[in-house]
Amino acid sequence: MYTAIKGIYENGKVTLEEAPPTLRKTKVVVMFLADDVKPTESPRKGVKIGSLAGKGYAIPDSFNEPLEDLSEYQ
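Counting in our numbering, the sequence shown runs from 1 upward without gaps.
Heads up, some of the hints might be wrong.
Pairs of lysine to aspartate or glutamate, EDC-like flavour, derived with a Cα cap of 16 Å [what the hints assert, rightly or not]: (1) K6 - E17; (2) K6 - E18; (3) K6 - D35.
These aren't lab readings, by the way, just hints derived from the structure by calculation.
Bear in mind the structure is a predicted one, so any value in this text is a computation, not a measurement.
The task is simple: from the sequences and hints, build the whole structure.
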């Protein structure tokens with residue numbers, strides 16, 4: 001069973017914000033979180049659909065036709 005409990009590490013001691021689910025001797029993993037949170041980058045807008053129209057790029061008319069290499073599987 002995994003349980004996450006927030007706490008504060010200060011002067012070599014960890015103070016938990018709530019009681020743990022057990023009082024028995026148990027293995028734990030302690031993670032130290034960075035205080036300085038970097039602002040997230042604005043999401044990229046990506047490629048606008050149709051933005052390459054008229055710029056020399058074209059999809060052939062046979063694009064959706066079955067491939068000859070796969071004809072034996074059809």
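Results of checking the hints against the structure:
For the hint linking K6 to E17, the alpha-carbon distance of about 6 Å falls within 16 Å, and the restraint holds. The hinted pair formed by K6 and E18 meets the criterion: a straight-line CA distance of about 8 Å does not exceed 16 Å. Between the alpha carbons of K6 and D35 the distance comes to roughly 14 Å, so the proposed pair stays at or under 16 Å and holds.
The structure shown violates none of the earlier numbered hints.
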